[in-house]
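In the order they appear, the protein sequences are chains A and B. The opening position of the first sequence corresponds to residue 20 in the working numbering, with each subsequent residue numbered one higher. The opening position of the second sequence corresponds to residue 4 in the working numbering, with each subsequent residue numbered one higher.
What the hints contain is simulated information worked out from the structure, not anything from laboratory work. All figures in this text were calculated on a predicted structure; none of them were measured in a lab. Hints are supplied without guarantee of correctness; some may be wrong.
Under 7 Å between C-beta atoms, here's a sample of chain B residues computed to sit facing chain A [as the list claims (entries may be wrong)]:
#1 GLU8
#2 ASP10
#3 VAL33
#4 LEU51
#5 PRO59
#6 ILE201
#7 GLY219
Here a beta-carbon is modelled for each residue, glycine too, at the ideal position from N, C-alpha and C.
Below, each chain spelled out in residue letters.
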Amino acid sequence: MFETSAPLVERRQVAREVFVLGFEAPEVAEAALPGQFVNLLLRPGPLLRRPFSVYRAAESRVEIVLRAVGVGTAQLLSLELGDRVSVLGPLGHGFAIDPGWRSLALVSGGLGVAPMPITAAAARRAGVEVIWVHGARTAADLCTEWEGERAAWATDDGSQGSRGSAVAAVPEGVDGVFACGPNPMLAAIAERWPDAQVAVETYMGCGTGVCLGCAVPKRAGGYDRACSEGPVYRAADVDWPALPGHLHYAVGV
Amino acid sequence: MIELEVDLGGLRLKGPVLAASGTFGYGTEVPLLDRSKLAGMVSKGIFLRPRTGTPPARIVETPSGMLNAIGLQGPGVDALIRDYAPLWASWAFPVFVNLNAESIEEYGELTARLDGVPGVAGFEVNISCPNVDQGGMYFGNDPVAAGRVTAAVRRRTKLPVWVKLTPMVTDIGVVARSVEAEGADALCAVNTFVGMSIDLNSRRPRLANRTGGLSGPAIRPLAVHLAHQAARAVRIPVVGVGGIVSAEDALEFLVAGCAAVQVGTATFIDGGAIARVHDGIAAYLASNGFESLEELPRYLPRD
């Protein structure tokens, strides 16, 4: 785990209101594994850090993907190139790729695209064929930045790819399934693939295991910390009805 | 070299900055901290038995603050004695255990279990947790009950006993005097304020527990005032706590009559917050011509 003052070196739009930000943070970039996250601090800015999955980590640069959902994300999107933020990471336990797999489906919904590029790159390096299935509300909302061999799109309105959820568009016969998206989507993944690995989203306090704020209810009882034991879980191990489904961030000033 | 040692009711601390309960785990979790600046820590609150805590959502950020309802999730006293106390015994700073119970008898039993365990330097009696159904704040906002809890702990140990006060009272001085009379060695003022935040999408509370404890800079002026009021009311030392992020914040509590401070929520953002506050206090004293913290003038008109 590293904490570094990192300049913004990249900003590009990848879908309607969705942007990728890149920060120059060599130690974090080198250490980041698929499904791990970074926790960003803005000063001046809101009190707490803001956690983001690592989108890509290459050439000393850590990328995240975000949309303005509250004061922290809005402020991040207003940064100028060269502005610095404190990057703490990499944090959490991510996806575990089984090198024995021939094929792996990456299933994402909306901003659940966040951990997929770094994960796809790692899977390809491990010799695993990647099939990426990504869904969003409409074609304009789809982030289709992708380097993989196979991709399939799904939109709620059918404006690109198949109509309906990404989950329905996953082909049969894949050896592994990794998913990230709204928690109700992950609950649907758990129904179909209990052994899928899913990255959950929770409200988070510290991101380092201290505050116990990011509780993930487990089927076996009790709570895990999304920041430490997670954010990636075996899908069937999460008590989905007890996990808040849709998060609404609003801090105000 | 500025002397930052503190005498806290007979206990010598190497500095004035401690880690607040619930923001430092059991001392093993906080990353990237220079522990040489840490005067001591207070453990996450412990009960006799394990507790699973409250359902999510447990945390919500508010303007300059955060609301939490963790519900004192913890492994229980047996696991604490087995897994953490042996580590603490080798550390260079004292570890206080934050005590929680649902009855006065249980506070005494918990103290007896921990008294004499190597690694346990003293106790912070939590009579102010806003997120448990029984115990916690219900003892803290009744001066008689607060005194009885203090007495129950005091009877079972000769180690330092601190009592952490709730801000949710009409007159904190009354509770402070009651606790002092029953043998507390120091007071910690204050715990979180009870707060509530509503999600207008669902039109329900954002926290599953409905209410939570508000911490962070949002409460600092309130906490400085209450710590000051407590310090005016008693002769025992008061440890100030509530929204400290910087050395200047800590110095406000110290000038307002506190002997030491605890840093809490700031540690969630910056593992090095305690070290920064420690160094900043030394720098302030040096630049104002003081050679030790003891020379810092305190604004403390007595009641």
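Problem set entry | Hints not upheld, ascending by number | 1, 2, 4, 6
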